[in-house]
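Peer 1: As a plain string of letters, each chain reads:
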Amino acid sequence: MNNAKKVLLFTILASLSLSVFSLLPNIKTRDYTIKKIDLFSDIKKDTEKSATSQPSAIVPIDKQEEKKFDTYSVPGQIINFSAKTTQPALAGFIKKLVKVKKERKGKVRIAFFGDSMIEADLITQDLRSTLQQTFGGSGVGFVPVNDISASLRITVNSKSSNDWIKRNYKSENTDGLFISGNVFSSATGSWLSVKDNTAKDAVEISLLYGKGSGDIMLDNNIIQIPKGDEFNIKKLKIANSVEVKIQTPGMRVFGTSFESSSGVIVDNFSFRGISGVEINKLNDDLLAQINIKRPYDLIILEYGVNVLFRPNDTNFDWYCKKMVPSLTKIKKAFPEADILMISTGDRAFRKGDKWESGIGVPNLVKAQALMAFENHVSFFNLYETMGGKNSIVDWANSNPPLANKDYVHPNHSGAKKVAAFLSDAIMHEANKIDSNK
Amino acid sequence: MVDTSKLLDQFLYDPQNPLLFNNGFFVFFFASFLLLYYCFRENVKARTYVACLFSLYFFYKASGYFVVLVIFSAIFDYVLSNLIYRQRSQSKKKALLILSIVVNVGLLFYFKYTNFFIGVCNDLFKAHFNPLNILLPVGISFYTFENLSYTIDVYKGEFKPIRRFDEYLLFLSFFPKLVMGPIVRAKDFIPQLSKPYYVSTEDFSKGFYLIVVGLFKKLVISDYITLNFVNYIFDDPSRYTGLECLFAMYGYAIVIYCDFSGYSDVAIGMARWLGIRIPSNFNLPYQSKNITEFWRRWHISLSNWLRDYIYIPLGGNRKGKIRAYSNQFATMLIGGFWHGASWNFIIWGALHGGALAFHKQWQQLFPSKKPIGYLQNALWIFITLNWVCFCWIFFKSATIDQSFAFIKQIFTKFDVSVFPVFFSHYKNVLAITLLGVAMHSTPASLIDKLCIRLQTAKLTTYIIIFVLSVFIYMQFKSAEPVMPIYLQF
Chain A
1 MNNAKKVLLF TILASLSLSV FSLLPNIKTR DYTIKKIDLF SDIKKDTEKS
51 ATSQPSAIVP IDKQEEKKFD TYSVPGQIIN FSAKTTQPAL AGFIKKLVKV
101 KKERKGKVRI AFFGDSMIEA DLITQDLRST LQQTFGGSGV GFVPVNDISA
151 SLRITVNSKS SNDWIKRNYK SENTDGLFIS GNVFSSATGS WLSVKDNTAK
201 DAVEISLLYG KGSGDIMLDN NIIQIPKGDE FNIKKLKIAN SVEVKIQTPG
251 MRVFGTSFES SSGVIVDNFS FRGISGVEIN KLNDDLLAQI NIKRPYDLII
301 LEYGVNVLFR PNDTNFDWYC KKMVPSLTKI KKAFPEADIL MISTGDRAFR
351 KGDKWESGIG VPNLVKAQAL MAFENHVSFF NLYETMGGKN SIVDWANSNP
401 PLANKDYVHP NHSGAKKVAA FLSDAIMHEA NKIDSNK
Chain B
1 MVDTSKLLDQ FLYDPQNPLL FNNGFFVFFF ASFLLLYYCF RENVKARTYV
51 ACLFSLYFFY KASGYFVVLV IFSAIFDYVL SNLIYRQRSQ SKKKALLILS
101 IVVNVGLLFY FKYTNFFIGV CNDLFKAHFN PLNILLPVGI SFYTFENLSY
151 TIDVYKGEFK PIRRFDEYLL FLSFFPKLVM GPIVRAKDFI PQLSKPYYVS
201 TEDFSKGFYL IVVGLFKKLV ISDYITLNFV NYIFDDPSRY TGLECLFAMY
251 GYAIVIYCDF SGYSDVAIGM ARWLGIRIPS NFNLPYQSKN ITEFWRRWHI
301 SLSNWLRDYI YIPLGGNRKG KIRAYSNQFA TMLIGGFWHG ASWNFIIWGA
351 LHGGALAFHK QWQQLFPSKK PIGYLQNALW IFITLNWVCF CWIFFKSATI
401 DQSFAFIKQI FTKFDVSVFP VFFSHYKNVL AITLLGVAMH STPASLIDKL
451 CIRLQTAKLT TYIIIFVLSV FIYMQFKSAE PVMPIYLQF
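Note that the protein sequences, when read in sequence, are chains A and B.
With UniProt numbering, the residue at position 389 of the first sequence is 389, and numbering never jumps.
With UniProt numbering, the residue at position 367 of the second sequence is 367, and numbering never jumps.
Please note that a few of the clues may not be correct.
[To be verified] With a cut-off of at most 25 Å between alpha-carbon atoms, the simulated PhoX-like pairs for lysine-lysine come out as follows: (1) B:K160 with A:K36; (2) B:K160 with B:K92; (3) A:K5 with B:K195.
[Unchecked claim] Chain B stretches covered by chain A per the calculated footprint, using a threshold of three residues with CB under 8 Å from any CB of chain A: (4) 42 to 51; (5) 218 to 226; (6) 314 to 326; (7) 419 to 426; (8) 461 to 470.
Keep in mind that the hints were calculated from the coordinates and are not lab data.
Don't be surprised by glycine CBs; every beta carbon is placed ideally from N, CA and C.
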């Protein structure tokens with residue numbers, strides 16, 4: 001039997017069925033959108049097509065609000081969507097900063113969360129140094145027991161024995177992780193040794209640790225560590241360097257901290273390859289303890305390049321869905337702190353023999369701004385501040401170069417520049433207080 | 001709702017969105033083509049014109065004005081082959097053949113290899129030639145080989161040149177096989193054009209199976225694993241552990257198989273629905289017991305072409321052992337270079353050529369006497385598979401440095417302890433990879449049984465299966481991305 005007619009019938013009927021299905025809407029269930037067949041996606045009007053690739057607001061924004069939101073694209077400034085521009089953004093933090101400078105007492109603590117962009121204390125080392133010079137304070141802040149980039153870090157010399165049992169965001173068991181995303185369990189005799197290269201004078205050195213009690217050896221003295229909570233601080237000494245040996249196995253240690261008695265302290269919490277959604281894995285009790293014993297005045301979240309892992313992605317709703325819980329968690333745990341969300345920087349991909357910004361970078365920046373807007377936290381548009389489209393290509397190709405040839409990471413000079421953008425923006429806000437007087 | 005200017009733009013070539021089998025536009029293209037093809041089924045001439053016009057239009061939608069190139073090639077080789085045929089003097093015949101080879105290979109070289117050689121010159125002689133802005137016309141590698149085989153066959157007297165130009169043009173441009181093969185031979189293809197348009201029940205069900213499964217291999221398996229895993233590792237291997245690199249290597253083996261054989265399957269399936277048989281291009285390649293067998297099962301149309309038009313003319317195995325080995329090696333080197341203009345493809349070809357020569361020597365040293373046992377069989381398959389996968393590292397990596405970085409990670413940074421996290425993060429990718437392995441290993445007898453079952457199905461059943469499949473492709477096309485993770489902590 002000749003089936004030629006059947007081939008024709010099949011083709012026509014199948015095309016018709018596909019066309020009919022293309023006219024149906026997407027079906028949304030609670031956590032998943034079932035994508036419909038769409039033969040006509042290429043000929044629909046742009047407004048409809050872009051709706052799927054533009055970030056979508058959870059609550060629709062009205063006209064007046066939209067005007068406020070649109071300020072997210074202003075480069076070089078900390079955007080506080082809800083306040084007047086004559087008032088400082090990050091008001092609580094800025095006020096305290098000015099007060100600490102004037103009174104020369106009290107501490108202003110900043111937690112700088114980020115990915116590989118701030119690895120090895122990049123960006124944070126320059127921001128810390130500028131802020132400490134201007135507002136007082138010394139000490140490098142938090143130093144983890146061990147870190148993948150420890151050997152590259154200039155601001156500290158840190159070493160530790162190989163017998164620490166490490167867990168982190170990527171482990172199956174994430175119980176009891178510190179906000180750095182790491183926790184280190186000691187073996188008998190595990191040691192760590194850290195020298196702060198930033199502080200000229202001696203600073204207060206403390207051990208930050210979690211559950212468990214035991215003995216530690218410090219300068220040939222055995223010190224008993226009492227059984228603590230999820231997060232504890234043990235002051236060790238006033239100096240520039242420290243060497244601690246843990247005598248008891250199974251003690252959960254996070255790291256050390258180096259802080260002057262007053263002034264600005266900047267903690268670097270870098271974790272390579274993450275997007276910030278991992279923060280949601282942190283234990284609420286532990287965060288509450290940190291907020292009591294070592295509270296922060298400003299929390300900076302710098303993420304995004306790891307969300308841009310494919311050159312043609314334009315829709316980042318999936319990321320917002322996962323990131324908002326992390327943001328909510330931080331807000332809830334540190335109700336007194338101001339929060340600043342820094343957008344992704346530029347990231348380029350190879351296109352033939354050229355490098356070009358990923359087409360979705362502006363979409364991600366907008367999605368991040370929308371998250372900041374809806375959750376009432378401040379925003380800094382790093383992408384526009386760097387120079388917008390293809391700026392990372394210019395940075396990498398400039399002489400001397402400001403970024404690595406992976407077209408993702410600013411190098412030491414580039415990081416210095418980013419830190420200067422941030423400290424300038426902070427200074428700009430601080431000056432508003434002076435001029436408001 | 002519909003943007004009219006965009007609707008009109010659809011009919012023009014868009015470099016950002018070249019026509020492939022998986023575009024929405026293709027559905028309407030194919031339906032309108034079939035309607036006309038069917039209407040003119042009794043009139044062979046008109047039918048061929050329709051197929052020619054649609055094929056050229058497909059070429060235009062896939063590669064823009066390069067369509068002129070395929071028409072030029074067709075005219076040139078059509079005229080030349082007729083001249084060769086009519087020419088009495090052997091030396092003139094030969095001169096014409098050489099002209100044909102020079103022009104065909106010259107065009108291929110110009111478009112595909114100019115910039116590569118500019119780069120080589122710059123490196124060797126510290127010259128500073130700027131690379132030219134040359135785009136590669138779609139399918140040029142495939143139709144150049146088809147042109148060559150045709151003129152060579154005519155020269156050798158194996159084939160009488162075709163009278164009708166439209167048939168020759170269709171042979172070159174036939175849209176199902178235009179972009180990614182298989183490479184067909186004129187003597188197999190052209191005689192089918194004058195036969196009545198007949199699709200047997202078996203053709204219908206097998207064609208349907210090949211189209212649906214081919215698209216599944218390409219759009220679900222290959223694209224998903226590439227985008228959500230393989231590309232991450234190959235882009236920057238030194239950031240990943242040896243374990244991840246090893247998995248990426250095996251993953252890529254499935255990706256390239258599903259991608260390439262999937263596209264071939266769709267081409268063969270569509271051709272079958274048009275009453276044209278194109279021989280199959282892949283036959284369970286990863287189950288080969290040695291590298292020679294692999295090349296009989298992988299990209300069969302290319303290896304046959306290389307054998308008939310390069311290896312044998314070079315002397316094959318007729319001129320002694322050493323010549324046979326070097327011929328084998330040279331053939332694969334050319335075969336490697338054919339895949340792309342870079343040192344990586346040359347190395348890839350050399351590795352395969354070396355392995356083929358090595359296997360030949362091995363066979364002579366240890367001729368197999370009796371059939372080998374199950375375990376030994378598995379061992380040879382394992383060794384062959386791993387060699388082939390190892391070679392893919394060079395095939396997939398963008399640069400030689402990257403290939404070596406990749407290999408270095410496997411041999412020096414292998415860390416089994418990351419497996420649990422790797423597994424839990426990439427479980428979807430791994431599941432799809434396993435599905436790819438299963439599809440690769442499905443024996444032909446099982447497929448045949450399935451197709452016989454399908455033969456009794458009603459047209460509505462076919463349509464439901466097809467629509468459901470397209471629905472599944474859509475879910476994968478826009479599936480939530482799996483992020484890369486860095487495990488070397």
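Peer 1: For the stretch 314 to 326 of chain B, does the count of residues with a C-beta closer than 8 Å to a C-beta of chain A reach 3?
Peer 2: Not satisfied, violated; 0 residues make the cut.
Peer 1: Residue count check for the stretch 461 to 470 of chain B against chain A: does it reach three with CB-CB under 8 Å?
Peer 2: Result for this restraint: holds, n = 5.
Peer 1: If you look at each residue in the stretch 42 to 51 of chain B, do at least three have a Cβ nearer than 8 Å to any Cβ of chain A?
Peer 2: Coverage by chain A is violated for the stretch 42 to 51 of chain B (0 residues, Cβ < 8 Å).
Peer 1: How about the stretch 218 to 226 of chain B: do at least three of its residues have a C-beta closer than 8 Å to a C-beta of chain A?
Peer 2: violated (count 0)
Peer 1: Quick one, are K5 (chain A) and K195 (chain B) close enough, alpha carbons at most 25 Å?
Peer 2: 16 Å, holds
Peer 1: Count residues of the stretch 419 to 426 of chain B with a Cβ under 8 Å from any Cβ of chain A, then say if the count reaches three.
Peer 2: holds (count 3)
Peer 1: If you draw a straight line from the CA of K160 (chain B) to the CA of K92 (chain B), is it 25 Å or shorter?
Peer 2: The given pair, whose Cα atoms are some 18 Å apart, holds under the 25 Å limit.
Peer 1: Under the criterion that the straight-line Cα-Cα distance not exceed 25 Å, is the pair K160 (chain B), K36 (chain A) satisfied?
Peer 2: The given pair, whose Cα atoms are some 52 Å apart, is violated under the 25 Å limit.
In this structure, the hints that do not hold are numbers 1, 4, 5 and 6, in rising order.
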